[in-house]
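*Asks:* Heads up: the sequence lines are chains H and F, in that order.
Number 295 in this note's numbering belongs to position 295 of the first sequence; there are no gaps in the numbering.
Number 109 in this note's numbering belongs to position 109 of the second sequence; there are no gaps in the numbering.
Derived from the structure by calculation, the hints contain no laboratory data.
Just so you know, these numbers come straight off a predicted model, no measurement behind them.
Quick reminder that beta carbons are idealized off the backbone N, C-alpha and C, glycines included.
Honestly, I wouldn't trust all of these hints.
[Stated by the list, open to error] Quick look at which bits of chain H chain F covers, simulated, 3 or more residues with Cβ under 8 angstroms: (1) 126 to 140; (2) 143 to 149; (3) 178 to 192; (4) 215 to 222; (5) 251 to 262.
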Amino acid sequence: MSLPLQDPTLAAEGFGLPPRRAGFFLGVLRERKAAVIGLGIIVFFIVLAVVAPYISPYSASAQTCAVYAPPSVHHWLGCDDGGIDMLSELMQGGRISLVVGFAATLVAMIIGGGVGIVSGYFGGWIDVTLMRITDYLLVIPDLVFALVIADIWGASLLHVILVIGILEWTSTARVIRAQVMSLKERVYVKRARAIGSGNWRIITKHILPQVGPLLIANTVLTVAIAIYLETALAFLGLEDPTVTTWGTILEHAFERTAISSGAWWAIVPDGLVIAAVIVGCFLFGQAIEDALNPRLKVSHLSLRRWRPRTLAGRGPDAV
Amino acid sequence: MQRADYVIKRGFFALVTIFVAVTLNFFLFRVLPGSAVTDLARVPHASPQLRHALTVEFGLDKPKWEQYLIYLRELVHGNMGISFNYQQPVIHLLIADLKNTIPMVTVGTFAAVVVGVSTGVLSAWRRGSPPDHISTNLAIFAYAFPTQWLGLMLLILFAGILPAGGMSDPFLFVAEPFWQHLGDIGTHMILPAGTLMLTAYGSYTLVVRSSLLETLGEDYVLTARAKGLPVRRIVWRHAVRNALLPMVTLIALDFGYIVGGALLVEVIFSWPGIGEAMYTAIGQRDYPMLQGGFLILTVSVIVLNFASDLVYFRLDPRITA
């Protein structure tokens, strides 16, 4: 997975070495426009979620206008089937959806990071067992699995968070495991062991700080998946019926004939905000991953180095 | 010899995974706290005698391991229990549903692969150009929009033009010629399969694009260029063929995602498939149906994964165990 440090040119440029400081993230932001846009979108929605109760124009639960009233000067995004202002409902829904997204991701990060580190560090039968479980979870259809568990446990916000967290840790675990396997062979880890450090100390002091950025990069992508899965579960009626999320807004619009009423305003804005958050996570996560993955850089180098003249395409990146 | 080992290894893994799925399917429903079937004996207002009689009748008084063995034995004989709702064997109901699901999912996936590969190749070929930006951004958004939202959008856009639900026109006479029935199902399939295509093609575009870009940087592409081959031939015959290898793995990994998407699509368009059956089962607390549907979908995804391993193995002679 990670490139061994055999190629001196790569080692000199720092490829293959895990990044160490928060400076890495600043570097990613400075170098990549996509990362700035992505982070900007994420921050925008988080801020909006925090200040939502203070700036939302109407109540997100009480009737303030006519049923499926179209967008107007007073209600910018119209109203839903209960006469609730759509804009206020979207703001309130965003709060819960983001909480679900981040909380589920935290669960996934803890499980995935833990499994990855234990698996990569100890190896042997522990590794084999944990990786079999990971392979299994990678293969099974996650929405179907989540549906079954959420149904058996009963519809509640906590269950939705747990189900998503339990399902989405696999890719994190694999990436972290590969990194830890190469890290534990590094000289400084061996030195730490030689002077008598225990496993726990090596993991917490020497391994965990090194895989941190990788963990966060994966996490950003997991947030997108978690929000996506939450909307799907809510759409299938497995979300707590008392809360409003971006997923339940879509569910209500579908169940309560928004389409035959021509109330597109109950559907379109909701999908747009969900997609915006997911694209934001995607851009930011992808940018970090690109910066972390040395192989991508090497291939791009070869792309340019071997360019005799324009073969196809235009601009500086032409083949 | 090593190559044969590879097939055996993957086959063994698939079998183990199926066994795990079967076992999980049992324990998920019977053993975990709040499990569904054990609650069966808790009929409201039932006398202790009735409760006990029900427990004995359904074999719930036996130890868990014995129940598990009975479950395995019955499963091998194709018995998945009786649907609470329809009072018919689950396996017959689900197989009928599966027959409706498979054509829709196949058409949707195939369309997604065709669209994904062609836009991905276009993007990589014209890297940095406006068509590349448009197709890449469209792919990212198609990937980001929730499946159910895309479905609802299609419903709004094509309301009145295309049939919005079901699989066939109930008013079409049975006596009508075969092609007319086929056309009827075809028009009903456009929206569900189209939604599935939209939700799945985005990741294919992105992967084909980056894979092809990587391949175009290889030395043999330079050699082909030096030989004076036309660009179109280099891209399609030399680069794309190799760049598509990762697609096999990606499509395999995507099966789980596609099955989830198909479930949502079937719910939106009332397509009488296995996803719709599971959705109905949730509403009606029809646990045998839910359990059967989960098992069938999981096992199909595992089998398809194994099949794609074999395809990859066939396509790439470099693979060894």
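*Asks:* Give a verdict on every hint.
*Replies:* How the hints compare with the structure:
Residues of the stretch 126 to 140 of chain H lying with their CB closer than 8 angstroms to a CB of chain F number 6, which satisfies the three-residue condition for coverage. With a cut-off of 8 angstroms between beta carbons, the stretch 143 to 149 of chain H has 6 residues touching chain F; three or more are needed, and the interface restraint holds. Remark: the stretch 178 to 192 of chain H is not confirmed as covered by chain F, as 0 of its residues place a Cβ nearer than 8 angstroms to a Cβ of that chain, below the required three. With a threshold of 8 angstroms between beta carbons, the proposed coverage of the stretch 215 to 222 of chain H by chain F is violated, since 0 of its residues qualify and at least three are required.
Beta-carbon proximity to chain F at under 8 angstroms applies to 3 residues in the stretch 251 to 262 of chain H; the threshold of 3 is reached and the given coverage holds.
Figure legend: structure checked against the earlier numbered hints; hints not met, in rising order: 3 and 4.
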